[in-house]
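**Q** Keeping their order, the protein sequence lines are chains A and F. 134 is the number of the first residue of the first sequence in the working numbering; add one for each residue after it. 221 is the number of the first residue of the second sequence in the working numbering; add one for each residue after it.
Treat the hints loosely; a few may be bogus.
As the list claims (entries may be wrong) - With a straight-line cut-off of 30 Å between C-alpha atoms, the simulated DSSO-like cross-links for lysine-lysine are: (1) F/Lys386 with A/Lys206; (2) F/Lys350 with F/Lys438; (3) A/Lys349 with A/Lys206; (4) A/Lys283 with F/Lys297; (5) A/Lys283 with A/Lys385; (6) A/Lys385 with F/Lys297.
As the list claims (entries may be wrong) - Label-pair ranges, simulated between beta-carbon atoms: (7) F/Val538 with A/Gly284: 27 to 37 Å; (8) F/Trp264 with A/Asp256: 14 to 24 Å; (9) A/Ala282 with F/Ile238: 18 to 28 Å; (10) F/Val538 with A/Ala282: 26 to 36 Å; (11) F/Arg322 with A/Asp256: 33 to 43 Å; (12) A/Phe257 with F/Arg256: 30 to 40 Å.
It is worth saying that the hints were derived from the structure and are not from the lab. Built from N, CA and C at the ideal position, the CB exists for glycine as well.
Spelled out from the first residue to the last, the chains are:
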Amino acid sequence: MSTLTPSATRRKKAKDIFSSPLASGAAVVIAILWTIPTFSLLVTSIRPETDINSSGWWTFFTNPNISFENYEKVLFVGTGVNPPMFQYFFNSLAVTIPSVIFPITLAVFAAYALAWFEFRGRDFIFFSIFALQVVPLQLTLVPLLQLFAKGLVIGDTTLIPALGITGTYIPIWIAHTIFGLPLAIFLLHNFLRQIPRELVEAARVDGANWFTMFTKIVLPLSIPAIASFLIFQFLWVWNDLLVGLTFGAGSKSVAPMTVRLAEMVGTRGSGWEVLTAGAFVSIVVPLIVFFALQRYFVRGLLAGSVKG
Amino acid sequence: MRNTLWETIAPNLTLLVISLAAFAAVIYALFLIGSRASVRWQGWLRYGIFLGPAVLLLLVGLIYPALRTLWMSFMDKTSENFVGFDNYLWAFTIPEIQIVLRNTILWVIFVPLVSTAIGLAIAYMTDRMKRASVIKSLIFMPMAISFVGASVIWSFVYNFEPNENKPEIGLLNAIARGVGIEPVNFLLNAPWNTFFLIAVLIWIQTGFAMVILSAAMKNVPEEVVEAAMLDGASNWRRFIRVTLPMIRGTVVVVLTTITIATLKVFDIVRTMTGGNFQTNVIANEMYAQSFRQLNYGQGSTLAVILFIGVIPIIWYNVRQLRLERTER
Numbered sequence: 134m135s136t137l138t139p140s141a142t143r144r145k146k147a148k149d150i151f152s153s154p155l156a157s158g159a160a161v162v163i164a165i166l167w168t169i170p171t172f173s174l175l176v177t178s179i180r181p182e183t184d185i186n187s188s189g190w191w192t193f194f195t196n197p198n199i200s201f202e203n204y205e206k207v208l209f210v211g212t213g214v215n216p217p218m219f220q221y222f223f224n225s226l227a228v229t230i231p232s233v234i235f236p237i238t239l240a241v242f243a244a245y246a247l248a249w250f251e252f253r254g255r256d257f258i259f260f261s262i263f264a265l266q267v268v269p270l271q272l273t274l275v276p277l278l279q280l281f282a283k284g285l286v287i288g289d290t291t292l293i294p295a296l297g298i299t300g301t302y303i304p305i306w307i308a309h310t311i312f313g314l315p316l317a318i319f320l321l322h323n324f325l326r327q328i329p330r331e332l333v334e335a336a337r338v339d340g341a342n343w344f345t346m347f348t349k350i351v352l353p354l355s356i357p358a359i360a361s362f363l364i365f366q367f368l369w370v371w372n373d374l375l376v377g378l379t380f381g382a383g384s385k386s387v388a389p390m391t392v393r394l395a396e397m398v399g400t401r402g403s404g405w406e407v408l409t410a411g412a413f414v415s416i417v418v419p420l421i422v423f424f425a426l427q428r429y430f431v432r433g434l435l436a437g438s439v440k441g
Numbered sequence: 221m222r223n224t225l226w227e228t229i230a231p232n233l234t235l236l237v238i239s240l241a242a243f244a245a246v247i248y249a250l251f252l253i254g255s256r257a258s259v260r261w262q263g264w265l266r267y268g269i270f271l272g273p274a275v276l277l278l279l280v281g282l283i284y285p286a287l288r289t290l291w292m293s294f295m296d297k298t299s300e301n302f303v304g305f306d307n308y309l310w311a312f313t314i315p316e317i318q319i320v321l322r323n324t325i326l327w328v329i330f331v332p333l334v335s336t337a338i339g340l341a342i343a344y345m346t347d348r349m350k351r352a353s354v355i356k357s358l359i360f361m362p363m364a365i366s367f368v369g370a371s372v373i374w375s376f377v378y379n380f381e382p383n384e385n386k387p388e389i390g391l392l393n394a395i396a397r398g399v400g401i402e403p404v405n406f407l408l409n410a411p412w413n414t415f416f417l418i419a420v421l422i423w424i425q426t427g428f429a430m431v432i433l434s435a436a437m438k439n440v441p442e443e444v445v446e447a448a449m450l451d452g453a454s455n456w457r458r459f460i461r462v463t464l465p466m467i468r469g470t471v472v473v474v475l476t477t478i479t480i481a482t483l484k485v486f487d488i489v490r491t492m493t494g495g496n497f498q499t500n501v502i503a504n505e506m507y508a509q510s511f512r513q514l515n516y517g518q519g520s521t522l523a524v525i526l527f528i529g530v531i532p533i534i535w536y537n538v539r540q541l542r543l544e545r546t547e548r
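Make the full structure from the sequences, and use the hints.
**A** Right, dumping it as structure tokens:
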């Protein structure tokens, strides 16, 4: 993109003439207002406990006392029956990695089939999956949990046996996979449909079978779309509370950080020094991902919501 | 302490590694079988291998549970006896649940409208601005923060100090004291507390609206905007007459997307007030009924009511997609 398109140069000109300082000022003010709450969390988390409780966080700038004790305390010191945050941090990672890999893999497969195979009922399946995107999680929670705990038995025939996986990561992974699939399939399908027909047909003529075609053509071409969805699903899983809470079955050894943080707020036993440090530990990973890969994230959002 | 930490983490780490390896091995094996099979077999195998897993998971994990929840909403708390519409009568007649429904309606009205309006304003203000990306990033940032994290952040902003002799450490109440207003217990006083919770979700969703709408504005043809400028249209008129009509479709998409997210929100209410002080919403009450009271009948009914709320949106979306496909 070394040369500007005619419309872009025109845009630039219009920009110079019409950008109003009032509008810019207002936008800056809103951006500052939007950032203050998060910023105050960060500042508070690095102040000593006595300072936090005796003065507002803004006094930090006139009386800068820095202490990392809060982080030390929240990360490595447990409270009674509760393990320290480090354990939950690990759980968040262990919950998130498979919950991102599984649905993306299955979704690329399904999107490939729906975009390139010709068969009856294809549109029906595609539209159903599209509609499933907005089904509230709440509608499936209890039966899905019972399915994990008791299996699926109709009459005397056992369709799915009780799996005995309650209290491990596995139900959380499966639940996230299921809930992530509709959007993933929809996004990837839209993307794969844009691959030119000729490419597919040429490969067929060359004798490529459906499986080599997938690994040789589809997979390399869909890397950008996969990257977009990856960030999407990562943020969604890492930040999720409901699935971790219900499918984690209350087990402390698998609960993600969001569950622990919500619990800490609820019990009130934890003061601001632990809450702010704990909250920051839980938001720092998504924030890094967000700022590093914002471009791909935006691309994914646009593909998902701006049609055409 | 660090040693015992490792003791709980080690088996979990093993499970993680084994599961990932097993998943990779299964996929690899399926591909091996698929690509070695005869052409005739491959014709069938490809459906099973590529489409099968996703369709099966969605059938067993989404469609079957949804239908079962619908059935459970007509049964009693243990799903043993048929009770007809009793649970629905309960949902629409008990005063506590009416507050829950009222609050949910407030959320669904205010969050989409306000965040879309602010997002639209920022998108328009920054549309022709140099170096707007920093501003946009900052406003967009809350999208990366979990609802629980946002709840902690905002609980701190709303913090109320009951002891008058101690300084306010919450930003809003410190400002209130500073200008001589009586500090407010933001999360306690109904019905205003609901609006303070709503503000948290608006804070999160505005960035989303801004990003999507900003991209749509970039697609408005420059000729159209210039023509309006030459006609001497003011900024405001240009926005109402030119920009807004041209991005109407996107505005609708943003509104519906935020509406769906708002209907399902429960983390904020659960974390900040626990649904107390008349701030409860359907999604949180559904959780409470199903997982605390263990009343599956009433919990399922609330889930179904949530679903009924999104049906018009599903219908509209499918229709739009159909139209789009026939246009191509």
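**Q** Each of the hints needs a verdict: does it hold here or not?
**A** Here's how the hints hold up against the structure:
{"no.": "1", "hint": "F/Lys386 with A/Lys206", "in the structure": "26 Å, holds"}
{"no.": "2", "hint": "F/Lys350 with F/Lys438", "in the structure": "14 Å, holds"}
{"no.": "3", "hint": "A/Lys349 with A/Lys206", "in the structure": "51 Å, violated"}
{"no.": "4", "hint": "A/Lys283 with F/Lys297", "in the structure": "18 Å, holds"}
{"no.": "5", "hint": "A/Lys283 with A/Lys385", "in the structure": "22 Å, holds"}
{"no.": "6", "hint": "A/Lys385 with F/Lys297", "in the structure": "28 Å, holds"}
{"no.": "7", "hint": "F/Val538 with A/Gly284: 27 to 37 Å", "in the structure": "33 Å, holds"}
{"no.": "8", "hint": "F/Trp264 with A/Asp256: 14 to 24 Å", "in the structure": "21 Å, holds"}
{"no.": "9", "hint": "A/Ala282 with F/Ile238: 18 to 28 Å", "in the structure": "22 Å, holds"}
{"no.": "10", "hint": "F/Val538 with A/Ala282: 26 to 36 Å", "in the structure": "34 Å, holds"}
{"no.": "11", "hint": "F/Arg322 with A/Asp256: 33 to 43 Å", "in the structure": "40 Å, holds"}
{"no.": "12", "hint": "A/Phe257 with F/Arg256: 30 to 40 Å", "in the structure": "31 Å, holds"}
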